[in-house]
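Let's have the full structure, built from the sequences with the hints guiding it.
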Amino acid sequence: MINDRWQDLTQPQLKNENQLENIKSHLDLVLLAIEAIANINSEAILLAAKDLNLESVVGDRITLWRLRSSNPQRKSTGGRKKLDVEEARSLVLIICYLAHQNQELLRRAVGLLEQTTAQNKPPYKTALLGNYLDNFIDFYQSRIQVSIEHNNDAISDLAWKLLIDLLFYSGKNGHRLLWIAIFDAAKISK
Amino acid sequence: MFSKIYRFTPPTCTLEIKGKKSPLSRWQNRDLLDRVQFKLSFDDPRLPSDQQIIIEGDQQDLEQLKMVVNDYLENLLHASFTHKERVNQDFNTTKNNPYLRSTGLVSQELFLGTLKGDRDRDKIELSTTQLFDLVTALQAYDTKISALSQLNQRRQKPSILIWGGVAAGLILAVGIAKVLLPTSSVQNIAESAKPESSTSIRELDRVVPPSAPQRAKKTLQPKPNNTLSSTKRLPPPPAVDTPKPKPNIPDPADYPLSKVARNSGFDSPTKQTESVIVIPPNTKPAASNFKEPKNNTKIIPEVNQKNEIQKDFAELSNDSIINSDNSVETVIKPAKKLSQIEQVQAYFSSRWQPPADLKQSLEYRLKLNADGSIKKVIPIGKAAKMYLTQTNIPVQREKFIDPVTQSQSTKIRLLLNPDGGVKVFTE
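Residue numbers (the working numbering), protein chains in the order written: chain A, 1 to 190; chain B, 1001 to 1427.
Heads up, some of the hints might be wrong.
Stated by the list, open to error - With a straight-line cut-off of 30 Å between C-alpha atoms, the simulated DSS-like cross-links for lysine-lysine are:
(1) B:K1039 to A:K172
(2) A:K161 to B:K1367
(3) B:K1382 to A:K172
(4) B:K1039 to B:K1123
(5) B:K1367 to B:K1382
(6) B:K1376 to B:K1359
Just so you know, the hints here were simulated from the structure itself, not pulled from any lab data.
Right under this line is the structure:
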């Protein structure tokens, strides 16, 4: 099954390195979101890599940290590693695997989001969504270079959107959806 | 001819596919369905029955619906990355084609166009979870069709001998089938004990997302055929000889990057700051080195990078000290302060006593006060929460490390391993 999914992720042409930079930051954000909702630590990410036979690409914490630090929007500048296609593919598969494992949780979270929206209540008043938002904002502010446009409201909006996206990424075709999304976004962002 | 029905049943909709199949299809090497019709019921049990809509159509309608949903989904997903509002596409409403439109963060409208169903409503409101279920059902349908066509291709392998041998039997079988099958009724195989179709249904049900705990909270009755036997974890993939399929990996030379990421090092070793010190997992960790940290001794952790090791050794040799008795200590600058990471490392290395029943690493985020004491400890993961009290992390504003300077981070990531090892990173 892993081979089929790997094969699904064919590499579209990238025009320039900016597009690659965008891909790195997008993947890091999605990973950040799944960490925030499911309380996933780097151990779980590495276990997922092992389950998917991707240890040669993401085998230990150091490699994982360096891959994620390759996000140019990260604060830490030391140890940045250039992300290649294999690594992007691996991260996509790992993210979707983790999303699938937590599909029930994601469904519950999105269901809560729907309920609170329908009731005109702030979503963070519920425990699950409140914790998620706290974690997301915490991780985001501590790891990502925060620019002026990234105020708390904008970060919250992003958190909800990514939560919804994760539900779709948890489906059987999730890896393809994420792959297409990051490349589409890279092309649009130039 | 008989009908074959496949049913896909996520929690908030049911997609039924009906097709005609000739009894001779097996011998004709055709497993494909003819004259496919679909019925899509938006039967979320939370909706009153008069609001549950059914739409029906043929294969072309279904393909069109799939396209609409896929286009919408692609837009929705990449909008998170482009930080733009979800753009509703321009819809050509004159042709009366179906389309999806966002009406909010968790809501969208499906305009049915030519797919208008039994209740004469021209649009359906879908929440995000309902949309997800629709996507799931359509994906399951796609998977089934692909599986059927692959089966069909496999069966088309030439087997001349077999054909020759059963030619007479075929003619006989046709005659018997025509006599035995009732002419007017249609056999619904979906519910029968036929292995293929019942296996198909079970297999399809497995792709349905789990929902039992959530639905227990809703008041309405469970749907028939809703045998959701999902598993929480994906089974590990079958072992492969190589971790990655080689043929599909693009040639790095085609890729715009100047360096392929096999450079497993830092971009510029000389700029390596001391904000991160990496300890390879294979080495017997710090515990053995740091059992008795002396004030005079610089603790030199190992790093992966060969350059870094060489740099450290160079430092060492430059900083030897000749004592009064002419003995030479390879001690470096006794007055030099330990780096932030080194101090945290030193603190825990002597204090961390892993509990006997601990099987996994514990990870914590430490937020520091300006005076170097710990402001907040955030356990990451369940195990970290459970074992927090056994970690000896000083949480009462006790002296921890030196006051934080401007260039240093106030956030530290701490890893405590079950073998007694300690790893520290800044964030």
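Here is what the structure says about each hint:
{"no.": "1", "hint": "B:K1039 to A:K172", "in the structure": "holds, 22 Å"}
{"no.": "2", "hint": "A:K161 to B:K1367", "in the structure": "holds, 28 Å"}
{"no.": "3", "hint": "B:K1382 to A:K172", "in the structure": "holds, 27 Å"}
{"no.": "4", "hint": "B:K1039 to B:K1123", "in the structure": "holds, 16 Å"}
{"no.": "5", "hint": "B:K1367 to B:K1382", "in the structure": "holds, 19 Å"}
{"no.": "6", "hint": "B:K1376 to B:K1359", "in the structure": "holds, 25 Å"}
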